[in-house]
Amino acid sequence: MTAAASPTDTIVTPPTNELLLARGLELRDRFFALSASAASEDDKQRFRDRVNAIEVEPVLEHNGLSMSHHPSARFKAVRFLPAQHIPDDIRHLFARPSARLPELAAVFVDPEEFSFRTFENIVPLDRWFESLELALADRRPLGPPRAPRAYTFTLLASPDTRELLTGLDSLNLQVRPLNAASRGGQRFIFHAARLSEVLTQAVQQAMPKRWMQGFSHVNPVFRCNRFEPGDGKFSRHIDTPYYDAARKHVSRYTLLIYLTGGRAEPALQIGDDIALCDIQPFTCVIFPQDEAHEGAPYEQGRKLFLRTELIFEHADVSHDPDIAQMFAKACYLTGESVFLPDLARDAHLLYDRAAAAHWGRADQTPAPSEPFIHKHYRGVDFVTNGYDYWFPTRGISIPECAAIAVLDLLNCKIGSHAFRKLCTSVVLDPPSSSNMDASPSTSPNNWIGEFLESRACERTEPVFPSLDISTLFPPPEHVDASICCAFHCFANWDASRSVETVDLYDRAQRWAKSRIASAPITIMGQEIFLNLDKIVVANGKIYVGSEEPLAPVNFAACWNDETTPANYLDVEVVVQAPYLLVPPILFAESARSRHLMVDLFRNSWAVRHRPRAIPVPKILELTEAHYESDTGQATPWLDAAALEADPDHAADSAGAWWSDEDFVCELYADGPEAEA
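Just so we're aligned: 91 in this note's numbering is position 56 of the sequence shown, and the numbers increase by one with no gaps anywhere.
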């Protein structure tokens, strides 16, 4: 185990072939050379063609995303993460494209693995903004003089602060956004608490008091946008407000900081009557988030600006299920647009309608026809729009329907592939593209029910089998009390019958068993298993949830050898058991279909999905080869299990005589898991 690696990291197989390794490093360096230069479109296309012909395996998994150190046909999207999250033995493979931020490494990920959790890459830049001096001056109203709808300011900043702000452009972190068709240009997202603090003070002093009732702070998450002449516009849209139900926080105003000046017709349009054509460097604009707006590149020169929002305390925010539906569908279609690019426009329209509804402003334009996606997985046909899921009534159980919906919404990893990648998908043409609910025959429940019924088939086997946990945990050998340790009992040493090794093996089994048993869905390789006890169907709702893992038992011993019991415990198999906490899934059943409604964005629920890899232990007999290669001192099962341990769990135990590390203390603590 590499101490510096994050608990969510897993090393896959690093490249060992010298030719493939050299090719990967050359592709990596060529990518960043082309990104940093004014390369011709022909050069870029030749490079893309070359990359698209190369298939490679990932070398790292982090936060549920498979990663490579160079671009390939699969790994096309570049991300940035702290290099400390990459294990030591492969860290040298990853580029550090920003000379001014050498702690950031560039990785290439598979966009088909994206889910709503991983759409955005937020780069930590708190250290970049340690010293700042700025203020807002020259307030100018925009709109009607008696009732301004926006304000502009001049950002007064020290030379060092100006250099830090404009220097963001030189960090080489910009990438095309996932929804590039509607946003244009390039951008990166970063977190900077200190920049938020000084802007909060500046805004409090400069804004009209009537606009600031309940003001809390400036959001510390910023977007740095870059547009070149000729880039596409940032299409007309309404900003989606930030909302935190626990703190009763909601954003009301958008804050733009233009780091470069220029001209366009217009450079920024707010509503129908506010147009900014000439923008000076370090101009700030603040306007309500319910205002539709759009931006265009400058006619000459680079347009660089920051965007964030002003956060307010708001006790009267209520949950609107219709808004949640629109937002859920928009998020889902954004992910699906990787497979079906035409869905990007539908996602953009839904984001806009949801944002307008947040402010009680009904969109006056006719509702667009809603896209429905027909998917096929393991012989099961289903239809979804990202909120509603329809399944046939034959050949699949209700818990299996719920499992497929959750796996699809979260785009969970099944072995080495994301769930959506394992499905075939096509956009359906509904019977009528307008006023679909006007008659029973054209309502989604009816025509989708007919569509699915025509494809349904009887199954003799379940879609997902149940996992017999006992098959993963064979009982240990009978212990031989005369075997104490490898030093004293060298002649007849048998690790599988040693009292202390078997005791640790038993504890490790209980630790792994409790975690697998608490998961509604477990994954081994490409196979998915359901724990029906953890998927409850009652009163028109389906509950899919995981309990928190129980805590594992205590003991002490004699051992007089360079090895310890942990050296004799290896990993038999790794079981993926994601801990899921999702809202109850509503469902209704008709003669032709089962209709599930899944709302991950309900304000009363916090959605959690954390991939968990649970190592199943086995006893390992050490040979002379282990000692000669120093692997006799390795503790493979402990290392693997410690990566998945609860970092907040404080076990009331001194641990074992051979280790006082936190996870060993947890393993040897007395607790209910001893009876699991």
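Hints may be right or wrong, so weigh each one.
As the list claims (entries may be wrong) - As a list, the in silico EDC-like pairs of lysine to aspartate or glutamate whose alpha-carbon atoms are at most 16 Å apart:
{"id": "1", "residue 1": "Lys111", "residue 2": "Glu168"}
{"id": "2", "residue 1": "Lys268", "residue 2": "Glu334"}
{"id": "3", "residue 1": "Lys111", "residue 2": "Glu90"}
{"id": "4", "residue 1": "Lys456", "residue 2": "Glu147"}
{"id": "5", "residue 1": "Lys283", "residue 2": "Asp204"}
{"id": "6", "residue 1": "Lys569", "residue 2": "Asp634"}
Stated by the list, open to error - Simulated DEER-style distance windows between Cβ atoms:
{"id": "7", "residue 1": "Arg429", "residue 2": "Glu232", "range": "58 to 64 Å"}
{"id": "8", "residue 1": "Asp77", "residue 2": "Arg282", "range": "18 to 24 Å"}
{"id": "9", "residue 1": "Val514", "residue 2": "Ala280", "range": "51 to 57 Å"}
{"id": "10", "residue 1": "Ala57", "residue 2": "Asp123", "range": "38 to 44 Å"}
Derived by calculation from the structure, the hints in this document are not laboratory data. Here a beta-carbon is modelled for each residue, glycine too, at the ideal position from N, C-alpha and C.
| field | List of violated hint numbers, smallest to largest | value | When the structure is compared with the hints, numbers 1, 5, 6, 8, 10 turn out to be violated.
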